[in-house]
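Trainee: Read off the chains here:
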Amino acid sequence: MKIKAFVLFLAALAPAQAFAANNVALDNSVFVERVSTDAAGKERVLLEEPKVVVPGDKLVFVLNYRNAGSQPADKFVVTNPMPSAVRFAGAGNAGTLVSIDGGKAWGTLETLTVIQPDGTRRAAQPADVTHIRWAFQKPIPAGGTGKLMFRGVVK
Amino acid sequence: MVKAPVGGAKHHKLLLPSSTALALVIALTLPSQAHAAGTRAGTTISNTATASFDNGSGTTTVDSNRVDLRVDELLDVTVASGNPSDVPTTPGATNQVLTYSVTNTGNGQEAFRLSTIANVGGDNYDPVVTQIYIDNGDGVFDASTDTLYTAGTNDPVLNPDQSVRVFVIATTPGTVTDGNRGIVTLVAAAKTGTGTPGTVFAGQGEGGGDAIVGSTGADGQDNGAFRVSAATVTLVKSASIVDPFGGSEPVPGATITYTITATVAGSGSVSGLAITDNVPADTAYVAGSITLGGSGLTDAVDADAGDYNGTRIRVGLGTVAGGQTRTVTFRTRIN
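Chains H and P supply the protein sequences, listed in that same order.
Residues in the first sequence are numbered consecutively from 1, following the working numbering.
Residues in the second sequence are numbered consecutively from 156, following the working numbering.
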């Protein structure tokens, strides 16, 4: 079953600002791929919403967003730090930006390199990813929704 | 770089304060460790995403809900023989040692029960296992410093990725012969339980979660083997006579040359091998006549291998490997 999304109530640090409403909601769900074999011997992949996982489990992270406000949301950027116990295993949206240095530099995975102890550089691997980001060039119109996803494996 | 949203709308409940809201950045410091064996059992994996946007009144940031997943314990173990090749033994030998290592390849602390199988087949004899010892960390078996293992009493408790060295002590039956091979299997099994991968032991995992049998079945085993390396010694003695008249008659004054050939057979070797021979009555030893492999030896007890003490000759051969021969000669004169 789907867990109902909720948005954190946030401390009002500047109560005088009357019109800066949080009008975009982000709903985060994590699924695990369970492979089962049916009576005919066919493998079926089921997506379950787990409470518990074990190392090696394949996870699918899904982020649903919705602009519930009356104004378009411009410069829309969604950032998801990788949980440290999860190894990135690809994004479901081409062109997804990743960071391999804790969120300082961003790029698609194939454009990033890692400096090795001997000073040489190697291509970044999925295991190097520390953050994932989607940066939208067009505003999300009022009422607009969408879904972002990426995969990971429990280390 | 920007992608159009994928997928359709979802039901969302928006709980937004109408007036003011500022982003709250939640720093989650979670006790998770990355091991080769995997994330430690009991770790919580938390995921939160953040969105920022500008709706005309400056940049606003919102966090998603947080999803927490608990990591359960995988039960996995491997056993590996620590002997790169068969361990040589001899018939009847006691306290023969095979070495193994047991590694917890699961992600939680686990105790492992050890057992041995000596009648596995595929060999020539069954070593008689007498004890199992847990190494004290130096990698060398020493009954006085290593710990005698008693199943169920001091089962080794290993953290993820931790290994322990185990010594299996065995006696070689006296009936074995050269070249015989005897296999001993060491088995380590997770105390929580074993079974087909995926078997769940509810609530028995580290950190209060479940314990789940991993790909190893939560037990592991490996074989170590002894190979009997025995050797036998055969002595052949012959004599040839040269008489003073150019013939070969055993008359007084004739010289007898004794040749003793020691032949060592088998895959092993014999150590401390020595040839002694009494000088026969009515003959006199010819001084300085001992030879070994054609080279002369002195009669004194000294650096060379031979000596004569007035009644017998002796040649020490030391350790001789199977397949080799040693030839000793000496001469006497008939009185």
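Calculated from the structure, these hints are not laboratory results.
Computed from a predicted model, the values in this text were never measured in an experiment.
Any given hint could turn out to be false.
Output of the computed footprint for chain H on chain P, the stretches with three or more beta carbons under 8 Å from beta carbons of chain H [what the hints assert, rightly or not]:
no. : stretch
1   : 206-219
2   : 222-235
3   : 454-468
Dumping the calculated SDA-like pairs for lysine to any residue here, alpha-carbon to alpha-carbon at most 20 Å [what the hints assert, rightly or not]:
no. : chain 1 : residue 1 : chain 2 : residue 2
4   : H       : Lys51     : P       : Gly197
5   : H       : Lys51     : P       : Tyr304
6   : H       : Lys58     : P       : Arg225
7   : H       : Lys75     : P       : Ser212
8   : H       : Lys104    : P       : Thr203
9   : H       : Lys138    : P       : Ser207
10  : H       : Lys104    : P       : Ser207
11  : H       : Lys147    : H       : Thr37
12  : P       : Lys346    : P       : Asp333
13  : H       : Lys51     : P       : Gln359
14  : P       : Lys392    : P       : Pro405
15  : H       : Lys138    : P       : Thr199
16  : P       : Lys392    : P       : Thr487
17  : H       : Lys58     : H       : Thr37
18  : H       : Lys75     : P       : Gly213
19  : P       : Lys346    : P       : Pro405
20  : H       : Lys104    : P       : Thr205
21  : H       : Lys51     : P       : Ser403
22  : H       : Lys75     : H       : Glu33
23  : H       : Lys58     : P       : Asp223
24  : H       : Lys75     : P       : Thr480
25  : H       : Lys104    : H       : Val77
26  : H       : Lys75     : H       : Trp106
27  : H       : Lys147    : P       : Leu472
28  : H       : Lys51     : P       : Pro405
29  : H       : Lys58     : H       : Ala89
30  : H       : Lys75     : P       : Ser207
31  : H       : Lys104    : H       : Ser70
32  : H       : Lys147    : H       : Lys104
33  : H       : Lys58     : P       : Gly353
34  : H       : Lys75     : P       : Thr216
Partial pick of chain P residues on the chain H-facing surface, computed with a CB cut under 7 Å [unchecked claim]:
no. : residue
35  : Gly193
36  : Thr198
37  : Ile200
38  : Asn202
39  : Asn262
40  : Gln264
In this text, a Cβ means the ideal position worked out from N, Cα and C, and glycines have one as well.
Trainee: Starting from the hint list further up, note which numbers the structure goes against and sort them upward.
Mentor: 3, 5, 11, 12, 15, 19, 21, 22, 24, 27, 28, 31, 32 and 40
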